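There are 2 protein chains.
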Amino acid sequence: MALQVFRSTLDMHKACEQLHMSRKRIGLVPTMGYLHAGHVSLFRYARAHADIAAATIFVNPAQFGPNEDFKRYPRDFEHDCSLAEEAGVDIVFAPADEEMYAPGYASYVEVEHVSKIFEGAFRPTHFRGVTTIVAKLFNIVRPQTAVFGQKDAQQVFLLKKMALDLNFNIEILVVPIVRETDGLAMSSRNVYLSNTERQQALVLSQALFQAQKRVQEGERRCGVILDEMKNIVLSGRPAQIDYIACVDPATFEILENALKPQILFLLAVRFGPTRLIDNILISL
Amino acid sequence: MALQVFRSTLDMHKACEQLHMSRKRIGLVPTMGYLHAGHVSLFRYARAHADIAAATIFVNPAQFGPNEDFKRYPRDFEHDCSLAEEAGVDIVFAPADEEMYAPGYASYVEVEHVSKIFEGAFRPTHFRGVTTIVAKLFNIVRPQTAVFGQKDAQQVFLLKKMALDLNFNIEILVVPIVRETDGLAMSSRNVYLSNTERQQALVLSQALFQAQKRVQEGERRCGVILDEMKNIVLSGRPAQIDYIACVDPATFEILENALKPQILFLLAVRFGPTRLIDNILISL
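Protein sequence lines, in the order shown, are assigned to chains A and B. Our numbering puts the first sequence at residues -16 to 267. Our numbering puts the second sequence at residues -16 to 267.
Excised from the complex, chain A in its bound form (with noise of 0.2 Å):
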């Protein structure tokens, strides 16, 4: 099957009516497209967990503060589109601006409490754009599963949380973070480093990976951990270290110790302008 591309809502909303009238499976990667590797695993995936890959490429204006990239946020439509083709992808949906979000727009979608931590403490209304266009994505394409990228692990946490609570009857599946070979997480928006900062950016993923070894060599003190990964961190002379943090990945909490079967050690750096965030999921 060839890759169809569709722009209109209605348009899209038929075909995944069609497919769900047929029986098929809908897997869904809702994308700001600029694809990466990080995508690529997340379509492959999407495409053995369904009969039909539908990713969407949407950069949400919704999910950009007023002072952010959203205008300057890369795009690559055509690069995009061969991209998915080659990783399976049977549909895209690219819809414009308008098409998302009509005049007198006014209808949003908030998970509480965890939306304002972390990443929402520093973009305010971020988590609420990606839980609203998520949930608009979710309403016209009906998916059985829904791929996210662990990359962004708090996003994934609001997304469960939102599909559960509000009864969206759609299992959200959640893909591992992809690097660079030196470690770099995948990131559309690592075209914006220098190649300075592309080097100092490094030691984000060698603080995580440290917490990782530590861990695993028995340190249980959340504390102790982060002051050496702030180290780390700091021997790359960021801009600013916006949070380094230490939580229960199931809900979000604080840690002081760990103790938890799951934990997850997270951080948001910025190197000159380019905030990045990285994390890592530790099974004890």
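Note that these hints are calculated values from the structure, not bench results. Quick caveat: nothing in here was measured; it's all calculated off a predicted structure. Each hint can be trusted.
If several chains are the same, the list does not tell them apart, and a pair holds so long as it fits within one copy or across any two.
With a straight-line Cα cutoff of 20 Å, these simulated EDC-like cross-link-like pairs (lysine to aspartate or glutamate) come out: (1) 143 - 81; (2) 134 - 154; (3) 7 - 68; (4) 213 - 180.
With chain A fixed as given, assemble chain B onto it according to the hints.
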């Protein structure tokens, strides 16, 4: 088909999925129970516009404020089921509170702006509770149509807006207000009224009918009509007038002149401790 009653979300969802698979169209009527002739007209409407009429009976805690009447809101489940079955309802969904809002519940749907005026000004979290529970019920049932009463005119506006904005592909049908023979709009809350208050409350429909008469006579100045309405309402010695207003039902913008295709007069008035709402929709 005898009335089926479901208490669990999962059972209700499965039953609805079965109906979808056999291509049955579901008409959903969300209610808070303590059913009256107004609800019956919604059920008959759903029955006529779908293959299966599904009613939900759930006194939704999220749409009551902390000092409102959630606990004493009238309930009579046995009688509700009889009335529903008689009116052609096939399925009743009556979940427990914890089934809809599990501990740690955190996700809400909100429609901005219009949710904050009129009813929203007096009941700050009311409409957030309404749009949230209806979004949940939409996801559990996935009806083709949903039927609501014109009595809650602002709720109807917000639910239509939510369905449009969030891409629920559900047709929202609105059924006219059903009144007692003396004009009082049917409401589960009428049971709160003393005999005296019940008589006093007749000024609400009288004021609305007067507004209709004046528009039909050619009066186009909303201010003039609202003054007359206020005098009629005051003659019933209400405890408080929360608002008497004239809006464009397509936008809920306040009108100074009755020059739109449709105009809506709406009011909220207290008699003793009981707060009543009513409205009249006039087509020009």
